[in-house]
Amino acid sequence: QQQVKQSPQSLIVQKGGISIINCAYENTAFDYFPWYQQFPGKGPALLIAIRPDVSEKKEGRFTISFNKSAKQFSLHIMDSQPGDSATYFCAAAYSGGGADGLTFGKGTHLIIQP
Amino acid sequence: GAGVSQSPRYKVAKRGQDVALRCDPISGHVSLFWYQQALGQGPEFLTYFQNEAQLDKSGLPSDRFFAERPEGSVSTLKIQRTQQEDSAVYLCASSLGGGGEQYFGPGTRLTVT
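Residue numbers (our numbering), protein chains in the order written: chain A, 22 to 135; chain B, 63 to 175.
Treat each hint with caution, since some may be false.
Stated by the list, open to error - Derived contacts from chain A toward chain B, CB cut-off under 7 Å, selection only:
(1) Ala45
(2) Pro61
(3) Leu67
(4) Gly81
(5) Arg82
(6) Phe110
(7) Gly122
(8) Phe125
(9) Lys127
(10) Gly128
Stated by the list, open to error - Subject to a maximum C-alpha distance of 25 Å in a straight line, what follows is the list of computed BS3-like cross-link-like pairs (lysine-lysine):
(11) Lys36(A) - Lys63(A)
(12) Lys89(A) - Lys140(B)
(13) Lys73(B) - Lys140(B)
(14) Lys26(A) - Lys119(B)
(15) Lys76(B) - Lys127(A)
(16) Lys140(B) - Lys119(B)
(17) Lys127(A) - Lys63(A)
(18) Lys63(A) - Lys92(A)
(19) Lys140(B) - Lys63(A)
(20) Lys26(A) - Lys89(A)
(21) Lys89(A) - Lys36(A)
(22) Lys127(A) - Lys78(A)
Stated by the list, open to error - A few chain A residues that don't get close to chain B, going by computed Cβ distances all over 10 Å:
(23) Gln27
(24) Leu32
(25) Gly38
(26) Tyr57
(27) Lys63
(28) Pro73
(29) Asp74
(30) Glu77
(31) Glu80
(32) Ser95
(33) Leu123
(34) Ile132
By construction, these hints were calculated from the structure, which means they are not laboratory data. Every residue, glycine too, gets a C-beta built ideally from N, C-alpha and C.
Model the full assembly from the supplied sequences, consistent with the hints where possible.
Encoded structure:
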């Protein structure tokens with residue numbers, strides 16, 4: 022059973038546009054939701070993260086929107102640039118049980134066309 | 063060091079060989095995690111250490127996989143009698159403590175032939 026479902030699998034956006042990636046989770050105990058960016062041959066790099074006590078968090082061009090009742094969260098990349106072309110992963114974790122292993126989505130391959 | 067480092071970066075093993083993958087976490091980070099990332103997939107949790115204690119090994123796929131962190135810093139993931147299905151990128155991550163942000167290393171790409 023896939024606990025974090027991510028869509029779309031791939032996305033092409035024109036330079037300057039808004040990239041939107043969506044995730045849905047099933048485990049209501051999850052209380053930490055990060056987004057990671059991964060370039061080929063590199064490890065995932067933390068972009069931005071949110072906890073359920075807020076509905077939105079913005080850092081620069083990156084915004085997470087969180088809907089606790091729908092168990093969904095999304096990443097918005099404003100003014101998308103060719104350098105943003107990468108694979109993006111959403112993840113979730115339960116931080117109250119001592120084991121904070123992240124459960125990842127399957128990833129979204131984002132291409133920003135110049 | 064400034065970030066999480068892993069070695070070797072690439073490892074080719076013949077089926078049946080044993081391999082050992084090393085992770086150096088960020089200095090002072092209490093928590094250390096191992097993940098397995100198959101081609102085109104998201105990372106999957108393998109195991110978690112808090113200092114030298116292995117608190118969760120529920121993600122280890124078989125008893126051929128073994129991880130240790132004897133002094134609470136460097137960790138080694140060992141895979142015995144490697145199989146082709148073990149081919150993947152093995153990622154290590156560390157965080158300051160429970161519930162903290164996890165920072166990943168570059169990974170070790172293991173190819174079993």
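Here's how the hints hold up against the structure:
no.: 1; hint: Ala45; verdict: 14 Å, violated
no.: 2; hint: Pro61; verdict: 11 Å, violated
no.: 3; hint: Leu67; verdict: 6 Å, holds
no.: 4; hint: Gly81; verdict: 17 Å, violated
no.: 5; hint: Arg82; verdict: 19 Å, violated
no.: 6; hint: Phe110; verdict: 5 Å, holds
no.: 7; hint: Gly122; verdict: 4 Å, holds
no.: 8; hint: Phe125; verdict: 3 Å, holds
no.: 9; hint: Lys127; verdict: 5 Å, holds
no.: 10; hint: Gly128; verdict: 5 Å, holds
no.: 11; hint: Lys36(A) - Lys63(A); verdict: 24 Å, holds
no.: 12; hint: Lys89(A) - Lys140(B); verdict: 39 Å, violated
no.: 13; hint: Lys73(B) - Lys140(B); verdict: 13 Å, holds
no.: 14; hint: Lys26(A) - Lys119(B); verdict: 23 Å, holds
no.: 15; hint: Lys76(B) - Lys127(A); verdict: 29 Å, violated
no.: 16; hint: Lys140(B) - Lys119(B); verdict: 13 Å, holds
no.: 17; hint: Lys127(A) - Lys63(A); verdict: 17 Å, holds
no.: 18; hint: Lys63(A) - Lys92(A); verdict: 30 Å, violated
no.: 19; hint: Lys140(B) - Lys63(A); verdict: 22 Å, holds
no.: 20; hint: Lys26(A) - Lys89(A); verdict: 15 Å, holds
no.: 21; hint: Lys89(A) - Lys36(A); verdict: 31 Å, violated
no.: 22; hint: Lys127(A) - Lys78(A); verdict: 23 Å, holds
no.: 23; hint: Gln27; verdict: 8 Å, violated
no.: 24; hint: Leu32; verdict: 15 Å, holds
no.: 25; hint: Gly38; verdict: 25 Å, holds
no.: 26; hint: Tyr57; verdict: 8 Å, violated
no.: 27; hint: Lys63; verdict: 6 Å, violated
no.: 28; hint: Pro73; verdict: 13 Å, holds
no.: 29; hint: Asp74; verdict: 13 Å, holds
no.: 30; hint: Glu77; verdict: 19 Å, holds
no.: 31; hint: Glu80; verdict: 13 Å, holds
no.: 32; hint: Ser95; verdict: 17 Å, holds
no.: 33; hint: Leu123; verdict: 6 Å, violated
no.: 34; hint: Ile132; verdict: 15 Å, holds
Violated hints for the displayed structure, listed by number in ascending order: 1, 2, 4, 5, 12, 15, 18, 21, 23, 26, 27 and 33.
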